[in-house]
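Trainee: Chain by chain, the residues run as shown.
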Amino acid sequence: MAHDTEFHVHHDSPEAIGRRERLGVRLLIVADGAFLFGMIFSWFYLRNLNVNQAWLPKGVHTFSTASGWVAASGLIVAALAHRLGEYKRELRNMTSIVVLIALLVGGYLQWHQMAHMPFIAQDDAGRPFYNGAYASNWVLVAGANMFHYLVGAFVALGLVLRGYRTKIDPTLEVWRQRTAGAWFTWIAIAGVLCALATSFK
Amino acid sequence: MTTLSHAPASSRPIPNPEKSLITKLHMGTGMVVGIIFCWGTYFAMKAGRDMTDTHNVNKVLLMSMFAWSVGFLVGIGAFIGPFRWLIGKDLTAEEQLFLAGDGQGIKRYFRYCTDHKVVGIQYLVGVMAMLGVGGTMAMMIRTNLATPGSHFVSPNVYNSLVGLHGITMIVAMIIVATGPFGNYIMPIMIGAADMAFPRLNALSWWVLFTAIPVLCSAWFLGGIPTGWTAYAPLSDQAGPGMNAFLATIIIFAVSTAVAGANITTTVVAMRAKGMKWNRVPIFVIGATISVALAIPAFPTFMVAMIQTAMDRTIATGFYDANVGGSGWLYANLFWIMGHPEVYVILIPGVAALMEIAPVFVRKPLFSYNAAIAGFAGIAGLSILVWAHHMYMSGWMPSLNGPFMVTTEFISVPTGLLFLVLVGTMWRGKPWMKLPMLSVYAFIWDFLIGGITGIYLSDVPADNYLHGSMYVTAHFHYTLMGAALTGAIGGLAYWFPKMTGRMLNERGGYISFWFVQIGFNVLFLGMFIAGSEGQPRRVADYAHLFAHANLISTMGAYSVGIGMLTLLWAIVHSWRSGKIAPMNPWGAKTLEWTVPYPVPLVNFDTPPVVTSDPYGYGRSAK
Amino acid sequence: MSDHDHEVMPPTPGARVATFLKRKDVSQTFMLWIFFTAVFVVLGLWAYPKWMPLVLSKQMQANEDIMIWFTVISAPIAGVVLSIATKSFLNMHRGDTPPEDGIAIRTNGPVVIVWTATSVLFCIVAIVWGLVALNTESIAAATDAPKSLIVDVTGSQWAWSFYYPAQNIHTHTMNIPVDQPVTFNIVSDDVNHSFWPVQLGVKVDANRLVTTVAHADPSATGPLDIKCAELCGLYHAYMETSGAVQTPADFASWVSSIQATGGVEQ
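Chains as they are written, first to last, in my numbering: chain A, 1 to 201; chain B, 202 to 822; chain C, 823 to 1088.
For the record, the hints were derived by calculation from the structure and aren't laboratory data. All C-beta atoms, glycine included, are put in the ideal place defined by N, C-alpha and C.
Calculated cross-link-like contacts (lysine-lysine; reagent style DSBU-like; alpha-carbon spacing at most 35 Å):
#1 B/Lys225 / B/Lys308
#2 C/Lys846 / B/Lys789
#3 B/Lys260 / B/Lys225
#4 B/Lys474 / B/Lys290
#5 B/Lys308 / B/Lys789
#6 B/Lys789 / B/Lys779
#7 B/Lys789 / B/Lys477
#8 B/Lys308 / B/Lys290
#9 B/Lys630 / B/Lys474
#10 B/Lys290 / A/Lys88
#11 B/Lys779 / B/Lys308
#12 C/Lys872 / C/Lys969
#13 B/Lys474 / B/Lys308
#14 C/Lys844 / B/Lys630
#15 B/Lys260 / A/Lys58
#16 B/Lys474 / A/Lys167
#17 B/Lys290 / A/Lys167
#18 A/Lys167 / A/Lys88
#19 C/Lys969 / C/Lys880
#20 B/Lys247 / B/Lys260
#21 B/Lys474 / B/Lys789
#22 B/Lys260 / A/Lys201
#23 B/Lys290 / B/Lys225
#24 A/Lys167 / B/Lys225
#25 B/Lys789 / B/Lys630
#26 B/Lys630 / B/Lys477
#27 B/Lys779 / B/Lys630
#28 B/Lys630 / C/Lys846
#29 A/Lys201 / A/Lys58
#30 B/Lys308 / A/Lys167
Negatives, chain B to chain C, calculated, CB over 12 Å:
#31 Met228
#32 Ala245
#33 Val271
#34 Met338
#35 Lys477
#36 Trp769
#37 Phe804
Example chain C residues on the side facing chain A (calculated, C-beta under 10 Å, incomplete):
#38 Asn1029
#39 Arg1030
#40 Leu1031
Looking at chain A on its own, in the form it has when it is part of the complex (with noise of 0.2 Å):
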């Protein structure tokens, strides 16, 4: 192919790559949604299903109610922290550092939880399994959290460096901070969800 000789500009304002840039994100989150969906159908399923008795075979310890909780807090107080920083701009460096120790730190207790697992039997030749599909599903679910921490601090972690940043489209900027407030906001819901979900045992 021949190359190109004339380089014509385009002048897209930040306001409309602001507003592509969430639509975008806000696809991707139905996508992440869809994600969230097959995950409770198969809690659900399963648990409904109750195939050879074995959602919980006798015997097999759980997680308290409170645990889905506990893991999901990271994602509430930063989504909340966020949207702090959206109302008062001029807390926006502040909160943002809120946010990103928040997804830090509930990250770590998703890990935790994830470290001390109740359920884990071993089978006849002495090599571990989860045991029953509570088990199985728990695991799931805490993964696509931990999924959502990480992808969250990211994003935080990105805002914080940027907040110092001068040379950066302020206009733009906003916009971002509202994409990544979708995505925050997102997140929670998803932790409330799987909570609400794992506290059905």
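Starting from the structure of chain A, add chains B and C where the hints point.
Mentor: Below, chains B and C without anything else, positioned relative to chain A:
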């Protein structure tokens, strides 16, 4: 994200940001880093693990495959943009222009290039390669089935052929229209300078690219015994090749979500001035509905794949009945994706033909609104019909009636698609060029596919037909006869814009007749075998089915000859075909108003649209 | 489809229809419609009874009826599509320049409405037919249950085995008596299989640790092919066995011959 737009208007920057890392990365560096990541992960994880435990084998293999994918993306520079965003040093206009491949000639096809036209060509070549591989496997399947008791391949290889043919073709068919035409043509059709998120566009292609070697590795890991549906618990039991399947689907689901969000955003937010929704070309509408449907559909497949992967690696029991799992869970998750997915495949192909028909009949598209209602109706109903694949699974017989109702009703919006096409043809004098021939082939093939779908959706008839060759013939009529025919028509139509040359007509005609006649012989034979009671996915069969199978195999070879002819025609025309004029078909959509090669930002001055593109014909009254 | 034209329009709807019907292209399309409809009707009436196997149960008869009559019912609709497409195909223009423009018919409200209504009607016929058949089947399954012969079917990689609890026999082929309802309780030892006694026209998956049920009313004697219709791994293609629908006397002697060898078929 397109800060191309922030480049100073007066002086054009020279895209040579020498200090930037992005100038040094390409497909080669991607491969090197990918292979290092892959082997590094493999050896690191293998060390100290008990590899007699299949869970550990699966763990190591699966993580190595993901490491390859991530490593490749690191090596080609996919993460530079996100990293620079993270540290607050956004890519400069100069760097963005470099990423767009400005002035890099052929090299840009091997880089992380953000130009939608480059991505479109990458998809086109990728799709052709996948169809070639999938088609070769189809020929091997039919060769094995030519006679009963044939031992052309072993049962293990046969089962792998069936599964890998299936998944290769499904992936290829999902992207066959929205990949090449959705990326190359569609932004120009709506008068946009590029996609909404050019970097995500490159990401969607290169992520998909990393899935190709992963899928191929299935052959070296013992194949997959499960068919493309990968039903559990057979997939839990399957050997190491299954990991390749799981990794492929998970990687592909990421690619589709990204591409879907990108195409949808582009169409919603970047249409030319004056292009109201009722002036958008029908192909754009169809492609957008298709990818928008894929966004919520594919993640449930990803859930099913991740659950299978967890069963196989960390010994969860989603599909193990001993610990409370159920194959019905898999089947539900799979088909909640699986049925929308066939319409994700079908709709862009039909939409491409609807774009073609008015141009060659020289009449307006008949009832644009009916076409949109057809697409939207199909998309809407498609998420409510999944369990018709599970009538005979016994999971919930009481729901068979309701699912039969929703499924049968899909024939109403589908009927509208026929109405639009025959309405456009009515009283017309069609210009019989290759693209138009595809419209006729589509009508015949999709009619057969549609009517046989009506029997299959009826529970009592499905009692007999489910799991038989009849089903295989039915869905090939819809996916290959309808969607692939549409995509080939689209290729013949847009080839001049994408390559600057006309597609060789004689080669095209020869190919068309070999493919279409062969196709009908092949799958009519399979309808007979299915009616006689031959199950699908069998490596061998009783003498009763011998005639029908021999007929099918002869048809298959004819398709093979036709496809090779098409390949020759494409390669030959691309290299030395007749130079195409700017608008060879006299069409009225925007892509025919730009020259070849298409400028980097497509239009010298952003176009303004004042009517829909179907203003053909003498006045009616 | 449309009588819009640049020609002078007849004043009344009736006259417009009359003019429409007199047009040459319309009469040619009509002839093509008759041709295609007839082809599909004949195909449905001839092909399925020829291709489909012996009908040994009421269920199989219902399947075959649907295949035949759905083809016949859909024939006129398929005929419309194919006749218009064929007529336009025969009217083709060849050459390197496009033909002159046709008539600008943007849409035609009545046609869209009639078309949609027809397809809805067709759908309703298919749905009602299916629901009635389904309902008949489930009522039969419920009322026949007390007098049914019970067969416990087990699928395992890659063979079928059968247990007749009332007769207390284990077999690897499956014979059943004619004119007595039969209920299959199906389960799998390992992965999913699908139990398919072909000539009985019923099918249901075998799942591990979950029992699924199928019901059939054998109505004629003859040989049975029993296959697996769900890909179940390496030797899926060979997971088949045989059997028969027998007269009650033949069935009784088959049962007693197995009971004589310790209740296990040799």
